[in-house]
Amino acid sequence: MQNPKSKINIKENQIVFRLNSKNYPLEAILNAAYVFIDRVYVHLDGDPEKEILISLKGKERLDKKQLEALKGEFLNELLNYLLRIEVAKNNQKIREYIVAASLVSSLPSNVIAQSSRSEEETVDWREDPLEIAVPWEEKHAKKAKEKQKKNK
Amino acid sequence: MKKFSKSLYSQEAIKEAVKRYKKIADLQMAEKNKYYLVKIKPKKSEHNNFLEDEFGNYVLGLRKGAR
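Going line by line, the protein sequences match chains A and B. Numbering-wise (the numbering used here), the first sequence opens with residue 1 and increments by one. Numbering-wise (the numbering used here), the second sequence opens with residue 1 and increments by one.
Treat each hint with caution, since some may be false.
Residues from chain A that keep clear of chain B, each with C-beta distances beyond 12 Å, as calculated [unchecked claim]: (1) Lys65; (2) Leu70; (3) Ser115.
No farther apart than 30 Å at their CA atoms in a straight line, the calculated lysine-lysine pairs in the BS3-like style are these [claimed, not checked]: (4) B/Lys3 to B/Lys34; (5) B/Lys3 to A/Lys5; (6) A/Lys59 to B/Lys22.
Read the hints as simulated data drawn from the structure, not as lab findings. Computed from a predicted model, the values in this text were never measured in an experiment. Where a beta carbon is used, it is the ideal one built from N, C-alpha and C, also for glycine.
Next up, chain A with everything else stripped away, as it sits in the complex:
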């Protein structure tokens, strides 16, 4: 990712730069901006589908170098949040599993035993209400015999 071009306005005490939304999602930009709101005035503009314009205005008077450094810090923070988002995406399933496991373990033991017993009671592999285990010939032989009886 290239270092984005910026415009410095010393009189306004601000630095403005644009970020491509494909590289930097809005969520990461908002999180990074939030980190800076105690030190600078942050303003966002643009289209979150294309390009976001970021304006950082110092609360205290800053020179050109300090404003450039501010932008650098902002971009570093942005990378930090990009990584966090990526890690969160990759670990989503395992986090869900851990939460589910901890919720189950927090249930009283009699509730767990009861639920597993009721499962045992409802699931019986020996029952065959749909006659899936009955061979095709047997099933249809019965029907054929019944038809013959009716015809007689």
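Following the hints, complete the assembly by docking chain B onto the known chain A.
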């Protein structure tokens, strides 16, 4: 006049900020095309230089908190 892009700032956050800033400023909210517009007139003249920008930060903070 402070301009907030509709696609980046939530209306709820701006309304909430307007409510909270009423004690220290006279505020008017409007909409124009892709923007919410907020006219801020501080009640104390010593707030003139920074109240608009502080308001912007406040809205940003509310948006972050709301997610």
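Holds or violated: are the alpha carbons of B/Lys3 and B/Lys34 at most 30 Å from each other? 10 Å, holds
Does the alpha-carbon distance linking B/Lys3 and A/Lys5 stay inside the 30 Å limit? Judged against 30 Å, a Cα distance of about 23 Å means the pair holds.
If we take the beta carbon of A/Leu70, is the closest beta carbon in chain B still more than 12 Å away? 15 Å, holds
Minimum Cβ distance from A/Lys65 to chain B greater than 12 Å, as the annotation requires: 22 Å, holds
Mind checking the alpha carbons of A/Lys59 and B/Lys22 for me, to see if they're no more than 30 Å apart? With Cα atoms ~23 Å apart, A/Lys59 and B/Lys22 stay inside 30 Å; holds.
Non-interface claim for A/Ser115 versus chain B (Cβ beyond 12 Å): 35 Å, holds
Taken one by one, the earlier hints all hold for this structure without exception.
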